[in-house]
Amino acid sequence: MSPELEKCPRSLLVCEKSNFLNEKSRHDIHVSKHNFNYKISVLVPECGILPANVSSVIHSFSPYYLVRDLPVYQLLEEPFLESLVKKGNFYALSYNTKIDEDNAIALLSSGQLILSLDKDTYEQLGLEGRPSLYNHKKAMRFVVTLDLTDKSLTPGTKRYQRVLSSLKDRLPLRYDFLFTKYNTGSDEDHTLNKLLSQYSYEEHKPAFSHHTLKNIPCPTLYPSDIQGKTLSCDPHHFLEWLGAVNLDISCENAADSFLSTYVCPEPQSSVSQALLCTVTGFISPENVFVLLQELRQYFDEPKFTPWISLTVHGFMDSPVSWGATEHGFLKSGENFYNFVCFKNQDYWLHMATGAQDGCPP
Amino acid sequence: MALRMLCILADHLKRFQCQTMEEPSKFEQYVYKNASVYHYMKISLVLENGNKYITDAQFKQLIICGLKDLYGEVGASFPFDLLKFDENELTGILRVNNSGLVKLWSALTLLGSYQNEACAFRVTQVSPFLLALSGNSRELRFGDQLICRAQVALRG
Numbered sequence: 001m002s003p004e005l006e007k008c009p010r011s012l013l014v015c016e017k018s019n020f021l022n023e024k025s026r027h028d029i030h031v032s033k034h035n036f037n038y039k040i041s042v043l044v045p046e047c048g049i050l051p052a053n054v055s056s057v058i059h060s061f062s063p064y065y066l067v068r069d070l071p072v073y074q075l076l077e078e079p080f081l082e083s084l085v086k087k088g089n090f091y092a093l094s095y096n097t098k099i100d101e102d103n104a105i106a107l108l109s110s111g112q113l114i115l116s117l118d119k120d121t122y123e124q125l126g127l128e129g130r131p132s133l134y135n136h137k138k139a140m141r142f143v144v145t146l147d148l149t150d151k152s153l154t155p156g157t158k159r160y161q162r163v164l165s166s167l168k169d170r171l172p173l174r175y176d177f178l179f180t181k182y183n184t185g186s187d188e189d190h191t192l193n194k195l196l197s198q199y200s201y202e203e204h205k206p207a208f209s210h211h212t213l214k215n216i217p218c219p220t221l222y223p224s225d226i227q228g229k230t231l232s233c234d235p236h237h238f239l240e241w242l243g244a245v246n247l248d249i250s251c252e253n254a255a256d257s258f259l260s261t262y263v264c265p266e267p268q269s270s271v272s273q274a275l276l277c278t279v280t281g282f283i284s285p286e287n288v289f290v291l292l293q294e295l296r297q298y299f300d301e302p303k304f305t306p307w308i309s310l311t312v313h314g315f316m317d318s319p320v321s322w323g324a325t326e327h328g329f330l331k332s333g334e335n336f337y338n339f340v341c342f343k344n345q346d347y348w349l350h351m352a353t354g355a356q357d358g359c360p361p
Numbered sequence: 362m363a364l365r366m367l368c369i370l371a372d373h374l375k376r377f378q379c380q381t382m383e384e385p386s387k388f389e390q391y392v393y394k395n396a397s398v399y400h401y402m403k404i405s406l407v408l409e410n411g412n413k414y415i416t417d418a419q420f421k422q423l424i425i426c427g428l429k430d431l432y433g434e435v436g437a438s439f440p441f442d443l444l445k446f447d448e449n450e451l452t453g454i455l456r457v458n459n460s461g462l463v464k465l466w467s468a469l470t471l472l473g474s475y476q477n478e479a480c481a482f483r484v485t486q487v488s489p490f491l492l493a494l495s496g497n498s499r500e501l502r503f504g505d506q507l508i509c510r511a512q513v514a515l516r517g
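Protein chains in written order, with the numbering used here: chain A, 1 to 361; chain B, 362 to 517.
Here chain B stands alone, though its shape is the one from the complex:
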């Protein structure tokens, strides 16, 4: 009996959901200002003597050390995520709370050495939207290779 009631209820719920899916929506508009909690940074590490083998954990630890050097233990005690790391290119995508953006960026700017070797962080792109990091028009470059790749991509 209880099972039968549950089945009837589930059926009603499904139909209700279908109905809410099918009815066209009324117009609504919402404007969010500074509602994004995080900022995202696309960065790359440039080493003076060429690329070394660095793991993702070492990369993140390097940034944490840079933060601690500049702001101390307490000042550097905010979390940030290394969302993605490319160990061939030494590029990464970071996610940080808005309140930590300036500290993180300044620490990256002033970080000058890794294992006694001169290095520099290049900040390629910063945005409050992660989606914006996937469409950077400043990367649009032209050359013979690009034309050929575009033509091959279309033929294929």
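Next comes chain A alone, as it looks inside the complex:
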């Protein structure tokens, strides 16, 4: 059989172990750099009811907006630029645009506007960019990055006028967008609503659901053994088990079963109940960080379980994964991370990406 048939796309998994109280811990940076978050999943073993503080944090997540048919040049116009883009905590991502087929537009909190464009659009638009890192033999995809907070793109400058005219007159790009803004103060609550009032838009709250799992096998994890050599199970098996729990897959199969031989990884123990809750939508990293802080406090009181888990999935069609690292979709566009928080404030952080992605930080 040809060896080509046995090849498969590459994947990367970065496993980091540290303590939240460690000054040099980078957990806050990793969370804040992962700009576009689609789904959050929290698993709490030995727990039947969602703690009130966690529930209230989830219910106070910022709403997100689906704006229909927004011209891209509007993001550069002064109302958006001054009141949203330059103030930060504002995220925008084009909706229903596939990164491997269509053009995709993203606006990061840092003020960078990323346009991932196919060859024809890039040539017609005439803006300076670079070929995508994940082109095959011919360059068919290009990435244009505009730093909207840079002095050269201040309204009135030549470069600003040229960029604006390209997006407005030369090739008016219009897409549906997802917007979200993390509000740091009550005064800013209505800015986004006022700006969107001239467009067709819908406000959404992230969808929340939870259920309790009964009598499930659960891997044993010790904070000191992240590689799974002796006391814990190894990271890939742990993430596989987490996936099985999220997807309601049975972990108790016989080794000679026809259908499935999947079992919970060793070492394991049985737990009488576990709480699984998910939040889905367009969620800002700030909201994720607040949730993480609340989950850390879960162990302020004695608990049966030694660990809890938080998983955050990124958007498959986002042009970036962490920071401005280019992200693509080959056979899949996964870019997710998972925190395992322990009693003593130790944590494990697993960051996973697919074939067309840079290595997570």
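One thing to keep in mind: the hints can contain errors.
BS3-like mimics (lysine-lysine), calculated; alpha carbons at most 25 Å apart, straight line [claimed, not checked]:
hint, chain 1, residue 1, chain 2, residue 2
1, B, Lys-394, A, Lys-137
2, A, Lys-33, B, Lys-394
3, A, Lys-7, B, Lys-429
4, A, Lys-7, B, Lys-421
5, A, Lys-168, A, Lys-87
6, A, Lys-168, A, Lys-158
7, A, Lys-343, A, Lys-229
8, A, Lys-205, A, Lys-87
9, A, Lys-343, B, Lys-387
10, B, Lys-387, A, Lys-303
11, A, Lys-24, B, Lys-387
12, A, Lys-98, A, Lys-168
13, B, Lys-387, A, Lys-33
14, A, Lys-86, A, Lys-168
15, A, Lys-229, B, Lys-394
So these bits of chain A aren't anywhere near chain B, every CB distance computed over 12 Å [said to hold, decoys possible]:
hint, residue
16, Arg-130
17, Val-143
18, Pro-155
19, Leu-173
20, His-190
Simulated from the structure, these hints should not be mistaken for laboratory data. Being a predicted model, the structure only gives us computed values, none of them experimental. Glycine residues also receive a C-beta, built at the ideal position from the N, C-alpha and C atoms.
Assemble the complex: chain A is given as a structure, and chain B must be docked to it using the hints.
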């Protein structure tokens, strides 16, 4: 005497474990490239004349037949797991070794009939991480129903 020694040993071990749990960990980082042994596929079966009643075993057997048709007995002799099957939607999640991914996927693509009825497998998602199959942002859809469900979920 032996029992007393065992109790003392167990106590020491417990204390040692507690200590190792309590001491904050030093920073460590490991990068794994292509370390996942399996790939996972989320698939659905579409039948020309609408859904039939198919059991999980029949579903898996259909895929095995497709593999044998394309690659022969020897070529198809690698295991794969049907981790989950929904008999209402005819969707399933498969787990296969990395070396078998291309063969399995190609067999699913070229499988055209089930019990003399035209059918097609749709591959919704493929990933080396099972966890990634639970968060597919391409499923994010909007409509009046979704807004209402979200609002009800929060009120409740």
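To see whether the hints hold, each was checked on the structure:
no.: 1; hint: B:Lys-394 - A:Lys-137; verdict: 24 Å, holds
no.: 2; hint: A:Lys-33 - B:Lys-394; verdict: 22 Å, holds
no.: 3; hint: A:Lys-7 - B:Lys-429; verdict: 20 Å, holds
no.: 4; hint: A:Lys-7 - B:Lys-421; verdict: 23 Å, holds
no.: 5; hint: A:Lys-168 - A:Lys-87; verdict: 24 Å, holds
no.: 6; hint: A:Lys-168 - A:Lys-158; verdict: 15 Å, holds
no.: 7; hint: A:Lys-343 - A:Lys-229; verdict: 21 Å, holds
no.: 8; hint: A:Lys-205 - A:Lys-87; verdict: 22 Å, holds
no.: 9; hint: A:Lys-343 - B:Lys-387; verdict: 15 Å, holds
no.: 10; hint: B:Lys-387 - A:Lys-303; verdict: 24 Å, holds
no.: 11; hint: A:Lys-24 - B:Lys-387; verdict: 11 Å, holds
no.: 12; hint: A:Lys-98 - A:Lys-168; verdict: 23 Å, holds
no.: 13; hint: B:Lys-387 - A:Lys-33; verdict: 23 Å, holds
no.: 14; hint: A:Lys-86 - A:Lys-168; verdict: 21 Å, holds
no.: 15; hint: A:Lys-229 - B:Lys-394; verdict: 18 Å, holds
no.: 16; hint: Arg-130; verdict: 25 Å, holds
no.: 17; hint: Val-143; verdict: 20 Å, holds
no.: 18; hint: Pro-155; verdict: 33 Å, holds
no.: 19; hint: Leu-173; verdict: 21 Å, holds
no.: 20; hint: His-190; verdict: 20 Å, holds
Comparing the model with each numbered hint stated earlier shows that all of them hold.
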